[in-house]
Structures are given as C-alpha cells and as structure tokens.
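Chemist: So the chains spell out like this:
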Amino acid sequence: MTAKIKPSKGAPYARILGVGGYRPTRVVPNEEILKHIDSSDEWIRTRSGIATRHWAGPDETVASMSVEAGGKAIADAGIAPDQIGAVIVSTVSHFKQTPAIATRIAHEVGAGKPAAFDISAGCAGFGYGLTLAKGMVVEGSAEYVLVIGVERLSDLTDREDRATAFLFGDGAGAVVVGPSKVPAIGPTVWGSEGDKSETITQTLPWDVYRDQTAAEVRYPAITQEGQAVFRWAVYEMAKVAQQALDEAGVNPEDLDVFIPHQANMRIIDSMIKTLKLPEHVTVARDVETTGNTSAASIPLAMERLLATGQAKSGDTALVIGFGAGLVYAATVVTLP
Amino acid sequence: MAATQEEIVAGLAEIVNEIAGIPTEDVKMDKSFTDDLDVDSLSMVEVVVAAEERFDVKIPDDDVKNLKTVGDATEYILKHQA
Ligand SMILES: CC(C)(COP(=O)(O)OP(=O)(O)OC[C@H]1O[C@@H](n2cnc3c(N)ncnc32)[C@H](O)[C@@H]1OP(=O)(O)O)[C@@H](O)C(=O)NCCC(=O)NCCS
Chain A
1 MTAKIKPSKG APYARILGVG GYRPTRVVPN EEILKHIDSS DEWIRTRSGI ATRHWAGPDE
61 TVASMSVEAG GKAIADAGIA PDQIGAVIVS TVSHFKQTPA IATRIAHEVG AGKPAAFDIS
121 AGCAGFGYGL TLAKGMVVEG SAEYVLVIGV ERLSDLTDRE DRATAFLFGD GAGAVVVGPS
181 KVPAIGPTVW GSEGDKSETI TQTLPWDVYR DQTAAEVRYP AITQEGQAVF RWAVYEMAKV
241 AQQALDEAGV NPEDLDVFIP HQANMRIIDS MIKTLKLPEH VTVARDVETT GNTSAASIPL
301 AMERLLATGQ AKSGDTALVI GFGAGLVYAA TVVTLP
Chain B
1 MAATQEEIVA GLAEIVNEIA GIPTEDVKMD KSFTDDLDVD SLSMVEVVVA AEERFDVKIP
61 DDDVKNLKTV GDATEYILKH QA
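The listed protein sequences correspond, in order, to chains A and B. At position 65 of the first sequence (counting the first as 1) the number is 65 in full-length UniProt numbering, and the numbers step up by one without a gap. At position 81 of the second sequence (counting the first as 1) the number is 81 in full-length UniProt numbering, and the numbers step up by one without a gap.
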C-alpha cells in the first residue's frame, strides 16, 4: 500500500546570515610573477587589474583556510556551530578525490555531524552552493547551511605560462544561510555550456601519472583560451546578470552593491557598462589585491566590502559567478 | 538594410569612442586599432562584440586577429553583414 508520507518542514525563505573570509598571509606582488614570465607590471595591471595576490604557505591548507573562514561566518551569523545542519564546500584544488573535504571541515568547525559534501562548479561554485543551501533551508533538510568556497589555485598555476601565471590566488570565503521571514535570496539564473568545456581546463588528468613519471610530464595546471573566455564573460554574462535582476524584480537603481566573480578588472568594468549600473552602486574590486580565487572570490569580496564599510548589512547586492565548465550562476541577495 | 561603408566607419567610431574614449574624428580607415587608437587586445574583443550587435554580423575569435585597422574591420563587416 502507498503509505502517507509526512513532508519535511522548512522556512518560508532563506537569507545569508553571516560571512567570513581567510586570506593567506603571504602577499605575492607582480614583481615575483615576473621572475618566471616575460611580461611587465604595467601589462598585468592594465590587462587584469591585479597588483598582488595571496598564496598559501604549507600550513594554509584547503581545510585550514576553510575552517578559519567558516568559523568567522558562523560567529558573524550569531549561531552556535552545532546548529549547522549541512556543510557544502566548493573547490577544485582539494587534491584527494575521496573523502570529501567537507566532512573534516564540518568536524573542525564544531558542527558535529551535519550533512557534508563537496561540489565542483569552478568559479560559479559559490552561487551553486548558495542555491543548494537556499533550497535545503526552504525545503527543511537543514536549518542552517555553511557554504564555503575555497581554493589553493597556486597549486594549479603554471608559473611559466604567460597567459595565467599572474591571474590566480588562494583563499577561502564562507557564508551561513538560514531561515528568513522575507525573501532575501532571489531566483538563481544558472546553467552550463558544455560545448565550451575545453576553454578553461586542467591541462592533464591526475591519472596521467599511472603510466608516466613526473619527469616525463609537466605537472597539471589550469589553462585557458583567454580571449574566448573574456568574450563569453563580457557578452553572455552581462545578459545573465541582467536576467537575475529581472527575475528578482530589482531595478539597477535599487541596487546597492555589485559583486561579480573577481576574474579580471576588465571584465568587471565591461559588465558595469553593459548593465548600465548607476554611479551609486558599490562595485567589488577585490581582484586587485586578491587575484582570481575562483569559488572563494565572491564571499571574500563580500566580506571585505562589509568589513571596510563600503557596503552595509541589509544592502541589496547582485552576485554573479562564472568560469570553468563553462558554468555560471547569478542572483540578487540581501547582505548579512 | 545593410550598412554602407560610411555608416560602418561612423558606427565603429562611436564604438571605439565609447570603449577607448578616442574622439570619433580620429577613427579613420587607415588607423590601426592597437597602434593608433589605444584599443588593446581586450578592448578589441569589446569592439568586436559591439560591432556584431550593431551590424548584425558574426566575427569569430579566429578572424578578430586579422582585423588590424578600421579599414580591415569595415571591409569584413561589409562582406559579412546579414
Ligand atoms: C588572460 C588575459 C588577460 C590575456 O589577455 P589577451 O589580450 O587575451 O592576451 P593575448 O594572449 O591575446 O595576447 C595579447 C598580446 O599580449 C601579449 N601577452 C600575452 N600575455 C602576456 C603577458 N603575460 N605579459 C605581456 N604580454 C603578454 C601577447 O604576446 C600579445 O601580443 P601581440 O599582440 O603583440 O602578439 C585575458 O585573455 C583574460 O583575462 N581573459 C579572461 C580570463 C579569465 O578571467 N578567466 C577566468 C574566468 S573564471
């Protein structure tokens, strides 16, 4: 017989309750990058807007950076760690296929035994995680969800590749998503374009080392077709950002903050123009001193804007992530 | 209706002005985007994207690097516009 199943009970809506970040202590200026590639500080600054980035030391692991950022987000949310019902970690630079790093992070932040898993959605990882978290809170499978974007992209950077050596950085950003009486995370506009899966990719799969030695093959790194990615970002992603505004029913005039994935200042500038964002909108420009930290970039930028007073709690922010996959995710949120 | 050569040059001049801030009167057929008009490789991508919209033409990545001058771009658009 078909028994009657009791449904789960969630919150009416979800919101970001707290944010936290961790930036590795070592700051790497362009001068250091220039030791390995034929380029200039001026070229790097004008093409990417990047002046410095943080690279993690041996003790600043994917797990330790996540625990730092996650702990801060939990404290900022004003909840106890053991109230966390799920931990979602988005990363492409945790080098053990199994187990998921999320379980250890959940344990180390003091969350007890929550659901915990990793996701792989490149530079859209934060938006993907946020969307899952919102769904879980509203559906009722977790009251509070810790979403972490964390990368040690310096481990996947070919120091001698002119096209990427200057781009990437390391760090972790985290938010706590929990119940809300009012809508505070808009509809997510997300998707993938698998026909472009080779435009940003790891050069070689790890199993190359099953048949060949480290002396025979160059260590895997992230490679990309820079111009194709740039074109996709400025053209297609501006449309996705606009769609997220439309679906949330928010006009550019009502926006306080714009936090795009911190890939390249030129992409950010172009998006502002295409979206015709009014002067009063505060724009995250964290890429200048953080580089591209993939899944970590949006929460890191959010944390910095709030910490420096450039944005405040209750502000309305448009967030958009995009990258390897190709994948993207955009939504409008109320800042914690 | 397809644009004429003059209309394309005038359109490109507006686009280059918008993207690189170069006065429209400086944008002439013989001018090189990178050497004369301060349009670097990334601004060139933005120029191309704007030109695609404006003139209803597709300019694939592989063709972009052959468009060195305003004249190259104008001829390309004349030939390929829908
Ligand atoms: C990486 C990026 C800055 C490179 O810029 P680009 O204009 O595409 O670079 P190109 O490879 O076309 O090279 C353009 C010129 O700069 C030169 N160049 C390339 N890399 C250089 C470097 N590191 N230093 C100095 N010159 C460089 C090239 O030799 C070329 O010169 P030429 O025209 O005289 O031949 C740019 O493509 C980019 O940022 N794309 C988006 C990438 C991104 O954000 N990815 C992550 C998304 S999650």
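Keep in mind the hints are simulated off the structure, nothing from the lab. Beta carbons are placed, not taken as given, at the ideal position from N, Cα and C, and that holds for glycine. Some hints could be false.
[As the list claims (entries may be wrong)] Result set (DSSO-like, lysine-lysine): computed pairs, CA atoms no more than 27 Å apart in a straight line: (1) A:K273 to B:K68; (2) A:K239 to A:K196; (3) A:K273 to B:K31; (4) B:K65 to A:K196; (5) A:K181 to B:K65; (6) A:K96 to A:K35; (7) A:K239 to B:K65; (8) A:K6 to A:K113; (9) B:K31 to B:K79; (10) A:K312 to B:K65; (11) B:K58 to B:K79; (12) B:K58 to A:K276; (13) B:K31 to A:K196; (14) A:K273 to B:K65; (15) B:K79 to B:K68; (16) B:K58 to A:K239.
[Said to hold, decoys possible] Some residues of chain B that are not near chain A, with every Cβ distance over 12 Å (derived): (17) Q5; (18) P23; (19) K28; (20) E46; (21) E52; (22) E53; (23) V57; (24) P60.
Chemist: Are the hints correct? Go through all of them and say.
Modeler: Outcome of the hint check:
1. A:K273 to B:K68: The given pair, whose Cα atoms are some 25 Å apart, holds under the 27 Å limit.
2. A:K239 to A:K196: Roughly 18 Å between the alpha carbons, so the hint for K239 (chain A) and K196 (chain A) holds.
3. A:K273 to B:K31: 25 Å, holds
4. B:K65 to A:K196: This hinted pair holds, its Cα atoms lying about 20 Å apart.
5. A:K181 to B:K65: 53 Å, violated
6. A:K96 to A:K35: The given pair, whose Cα atoms are some 31 Å apart, is violated under the 27 Å limit.
7. A:K239 to B:K65: 25 Å, holds
8. A:K6 to A:K113: Measuring from Cα to Cα gives roughly 24 Å; hence the hint holds.
9. B:K31 to B:K79: 20 Å, holds
10. A:K312 to B:K65: 44 Å, violated
11. B:K58 to B:K79: Cα-Cα ~11 Å, so holds.
12. B:K58 to A:K276: Distance of about 24 Å is within 27 Å: holds.
13. B:K31 to A:K196: It is violated: about 34 Å lies between the C-alpha atoms, which goes past 27 Å.
14. A:K273 to B:K65: Holds. K273 (chain A) to K65 (chain B) sits at ~24 Å (cutoff 27 Å).
15. B:K79 to B:K68: With Cα atoms ~16 Å apart, K79 (chain B) and K68 (chain B) stay inside 27 Å; holds.
16. B:K58 to A:K239: 18 Å, holds
17. Q5: At roughly 26 Å from the nearest Cβ of chain A, Q5 (chain B) sits farther out than 12 Å, so the non-interface label holds.
18. P23: 19 Å, holds
19. K28: 25 Å, holds
20. E46: 6 Å, violated
21. E52: It is violated; E52 (chain B) is separated from chain A by about 8 Å at its closest Cβ, not greater than 12 Å.
22. E53: At about 9 Å from chain A, E53 (chain B) fails to clear the 12 Å cut-off, so the statement is violated.
23. V57: Since the minimum Cβ distance to chain A is about 14 Å, V57 (chain B) lies beyond 12 Å and the statement holds.
24. P60: 10 Å, violated
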